[in-house]
Every structure is written in structure tokens, then in C-alpha cells.
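With the hints as constraints, model all of the structure from the sequences given.
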Amino acid sequence: MTDDEIMQDVETYLNAGASSVYLEAAEIFEGDKARDALIMRLTKNFPKEALVFELPVNIISGITDAIKHKMASKMVAMLGTDVNLANVEHYEIYVLECLRRGLAGDTNHSDGAFRRAGIGV
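In my numbering, the protein residues as written are 15 to 135.
These aren't lab readings, by the way, just hints derived from the structure by calculation. Any given hint could be a false lead.
Unchecked claim - Here are the simulated lysine-lysine pairs, PhoX-like style, with alpha carbons at most 20 Å apart:
{"id": "1", "residue 1": "Lys88", "residue 2": "Lys62"}
{"id": "2", "residue 1": "Lys88", "residue 2": "Lys58"}
{"id": "3", "residue 1": "Lys47", "residue 2": "Lys88"}
{"id": "4", "residue 1": "Lys84", "residue 2": "Lys47"}
In C-alpha cells, the structure reads:
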């Protein structure tokens, strides 16, 4: 799908009364790279809390745990600690929570993990 088609679909679903829209990994990632322009366009035009971003499964050829972690880290850095991520395996929950709380080396947010989480410091 093109960016415009995805934008139109999200708008259609939300206008029809959906409380959230699930964006498939194939729509927001190309290989191991995020489609940054599309993601930023989505979050500019629609409420962030209404968007659910799927991470790719690591059984897809070329997707490893390390690549999936890199993608999750990028999404948290781009969209904040409360970004809605889907397709998180049970054994990945604690790692994702560490990302969200800024407890890992790759989670140094430019404006601080606590501020991104809405905690005043």
C-alpha cells in the first residue's frame, strides 16, 4: 500500500468509530528499516493513542531478535515511552519495559526518559 492509501484507511476506520487502528509491520517497516516519513505523518494526523504499531515476528526471514529490538527502541525514541506496540513476545516484555523506562544503554532519550514518560523532574 502507498502512504496515501494507508492514511486514507486509518482515517476511514477512525471516522467509522474505531477506537484504534492496528498497523501491520509490513506497512510500517521495509526490511529492517522503519518508514519514518509515514510513521511521522500518521502521528501528526491522528491521535497517537489510536495507533497500534506491529513489530515484525522474528520467524520472518531476515528478522532477528536483535533487529526487532532495534525497531522497538527506535519506535520508543521516535514516538515516546507510551507508544502502542504489538507483537511483543512474552520473553520480550521485560526488555521493552526497560526501553520504556530508560533502563538500557540504547534508551538515552534526548529529553530524558522520565520527561518522555510524563514524570516531572
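Going down the list of hints, with the structure as the test:
1. For a cut-off of 20 Å, the pair hint linking Lys88 to Lys62 stands: about 16 Å separates their Cα positions.
2. About 17 Å separates the Cα atoms of Lys88 and Lys58, which keeps this hinted pair within 20 Å; it holds.
3. Taken as a hint, the Lys47 and Lys88 pair is honoured in the structure, with Cα atoms around 10 Å apart against an allowance of 20 Å.
4. Taking the CA atoms of Lys84 and Lys47, the gap is about 9 Å. The hint holds against a cut of 20 Å.
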